[in-house]
Structures are given as C-alpha cells and as structure tokens.
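Colleague: Going down the list, the sequences are from chains A and B. Under UniProt numbering, the first residue of the first sequence carries the number 1, and numbering increases by one thereafter. Under UniProt numbering, the first residue of the second sequence carries the number 1, and numbering increases by one thereafter.
Honestly, I wouldn't trust all of these hints.
[To be verified] In silico negatives: residues of chain B with every beta carbon more than 12 Å from chain A: (1) 46; (2) 48; (3) 88; (4) 89; (5) 95; (6) 105; (7) 120.
[Said to hold, decoys possible] Label pairs and their calculated CB-CB ranges: (8) A:114 / B:189: 50 to 56 Å; (9) B:233 / A:28: 18 to 24 Å; (10) B:112 / A:28: 37 to 43 Å.
For the record, the hints were derived by calculation from the structure and aren't laboratory data. Think of the CB as a built atom: it goes at the ideal place given N, C-alpha and C, for glycine as much as any other residue.
Number of protein chains: 2
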Amino acid sequence: MKPFGPETGGTETGALKPAGPFSAPERAAVYRAIHERRDVRGQFLADAIDEAVLSRILRAAHAAPSVGLSQPWNFILIRDDAVRCAVRGAFERANAEAREMFEGDRRALYSDLKLQGISEAPLNLCITCDRRRGGPVVLGRTHAADTDLYSTVCAVQNLWLAARAEGIGVGWVSIFHEADLRRILGLPDHVVPVAYLCLGHVRELYETPELEIHGWAHKHALADMVFEDRWGGGE
Amino acid sequence: MKPFGPETGGTETGALKPAGPFSAPERAAVYRAIHERRDVRGQFLADAIDEAVLSRILRAAHAAPSVGLSQPWNFILIRDDAVRCAVRGAFERANAEAREMFEGDRRALYSDLKLQGISEAPLNLCITCDRRRGGPVVLGRTHAADTDLYSTVCAVQNLWLAARAEGIGVGWVSIFHEADLRRILGLPDHVVPVAYLCLGHVRELYETPELEIHGWAHKHALADMVFEDRWGGGE
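Extracted from the complex, chain A is given alone in its bound form (with noise of 0.2 Å):
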C-alpha cells in the first residue's frame, strides 16, 4: 500500500502570490510547534498512527528545501518487530561503547538517561540521503558536498514541527554504528541513514529538554551566540 499518492488540489504555476506576514493566532501556532516540540523517548502510547496523520507529516518533510531541488531524501517506515529488534540491539551494542567514554559519575548519569524508545515508540522511520540523487553535478552542491545531507536534515525538522501539531512525539536516536543501520536496513553505500526516529502519539511532553532536567547539560543563553558582521564581533 502507498498512501501517498499525488498531492490534492494541483494548481501550482509559476505564479508569484502575496506572501505577508501570518496571522498573529497562526503566528502563534508556528512558534508553538517550535517551542513546545520536544525530543521524545519516554512518553510515547502504543497506539499507531493513522494512515492520514502519517501522510501529512511525511509531506511535511518532502515539501522541505532541497540544493538544487535533489530531494535527496528517502523515508524507510519501520514497523516490523523484526528489524526493530535487530535496531535495538544496534542501539544497544553501541551505547555500551557510549558509556565508557564518560568518566566517574558522568558515567553513572549516562547509564540512568533513557536515550531512545525503539520498541515502544509504533513507528520508527529512518530518512536517508541518497548522495546520488540529482546525477553527478547538483546545482548548488558544486562548491558545498554536504549540502545534500543539509536538505535531509530540513525534511527531519519539517517532520519533527508537524508531528508535534499532529500530538505525535518523535525522538532522534544516533547511537548507532552507521555499518549496522547499513546492514539491517539493506542500505546501498551511496545511501546515508542520516536520521533514525521513533515517532508515537503521546499525551504529556517536557516542558524543558531532558537533559538539562537531568542536569546532563545546560542551555546557552541566545544572546550569548549572537556576533555581528563577522566571528566574535558585536558591540
């Protein structure tokens, strides 16, 4: 089944259209979705998502900016317990590592973070960036390679903006070795699984990231990141 046929009311041209500023309530709602959205691993409910949920949030994601209109995205549904199972073990293998690399109670701290929710979470979804896509020379890709995975990861945050609209909690898992997503997966080399997310409907989120609750890390104050015309300046 592919639920995610053409688009409904097709009637874009080339068309310039009046582009002001939104409402102040639509205002509103975008920095809503901004502000409240939330890393997810703890709160997901096991009910699945709808078919019509799931194919606005991924048109969400595929209506993101792309270099060179290359699109270079794919979005792999993962709902057998299967492959979820062999991820999880992926995830597993690759936290233990994880773990070792902090010291004293850093480690101890580490060991107590749930850091994903695999099998809980009824959907999980890696998007992967195909580093063919577009042929050899992409526009806007000349001078700049990433930039294929740069267009991935705005289709993931498109994704992520929608689903907290829709109620959907999505967590971004990426303690991982890339080999194994490759092999479980069936990746083919020039593709890159830039995002592993586990997405379910949930009914509370934080209101803070979990690991400043945890005392994990802190946040930087904006003001603090801000320069003017050139690194370090400002007034």
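With chain A held as given, fit chain B onto it using these hints.
Modeller: Only chain B this time, still in chain A's reference frame:
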C-alpha cells in the same frame, strides 16, 4: 547592542505537561509555513527587519534540537556593506566555476538563473557550527560525528519557517569556496559555516520552487520516496 536577552516567562521546570494535537486552525498554520516557505532570491524588499521580529526568528532557531543539548550554532548577523560586498565577490568567483560544470543548454540556463540576493537583502546571516561545543565527548555524537552539523541545520529550518510566518523571505546560498567565507568572516578552524542566508521582507513568493518553474529540475512524487521496513521495501 545585544537585544537577545533572557526569555520572558522563564517558568520552565522538569514537569511534564499536556501535549496533544493542536487545534485545526493551529495545525493549518504550521502546515501553511511549511508549504509556503520558499528559497528566495529576487523578491527582497529594502526595508530593515525590525529587532523584535529578528529576535523571534533567532529564538526559533535557538529552540532547535541539538545533539547532547550542545547547541553548536552561532548566528553572525551581517549588515556591513564591505562584508556583504566581499561575500558577493566570493559567490561570483565560485559561481563562474560552477557554470562551467554544466554543458550546452544547461550551462545557458544556469547562467540565466538568479541564485542569490546577497546585496539586495537587508540582512545576511551566517549560521555556523562550533565543532568543539559540548567538549570532547558529546552524548549522541559518540558514533555519529556529523550530528552537530545536523543540529545546526535544524536551527536553520526552524528559522526559515518562523521567517515565513513573519513575512520574511530567506534564501540559502551555498555556492562559495568555504575558505573564502572563513577568511571574510574570521571563522576559527573549528567553526564550520553551515548556512549563508539572505533575509528580507517579501510581498510575494512563488507558488512552486523557481528551479521547477525554469525547467531546471522537477519534484519527485512522495510515494516514490517511501519504503517499508527496509530500503526498496513496500507493497
């Protein structure tokens, strides 16, 4: 001047709070931002961007997910004419090389495309990634070194969507030798210029990507991008 001070309403705690789906109008607003967002090259108005608007869109970027809560980004706001002129020169040099990489009709079409608005846009913004942010071992980056770059791209996409809601157009320019950007902006070796963006108010946007309008590339159907359980899998 650093107008990007502490957030108001700083009542964040470790508490879980209700997080169901948005209302239908809120969801529509999120999808409107996602689907109306364009990569803007030629529609910039000269009007300066209000500091309150700029603060909101930078705050949206700063709310992006980041690996290990490392927040590896910085935001270099570029208004100085001399800096923009130097960046424009760097673009022109790289673009002349890029043009030669295409053959025949493609080269002629490439030459006709407008690929940047560096001089016309009232604000340029370089979003960088500090590859040392978070220290030598970052949670979630232990087995995937590029996740800091990916976090930075999530910030770019948050900013892009917030900008659409504010009536601000954004264009991502990637046709540079990275060394030129590093020199002009004084970037340390451990800081990568992930995205060079042109920003300004817009009154109109294209309904569909300009590269499609000009016949340079065509959008793929979402259905062709979706697999089940493994690469190439599906029904």
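Colleague: Looking back at the hints listed earlier, which ones does the structure fail to meet?
Modeller: 5, 8 and 9
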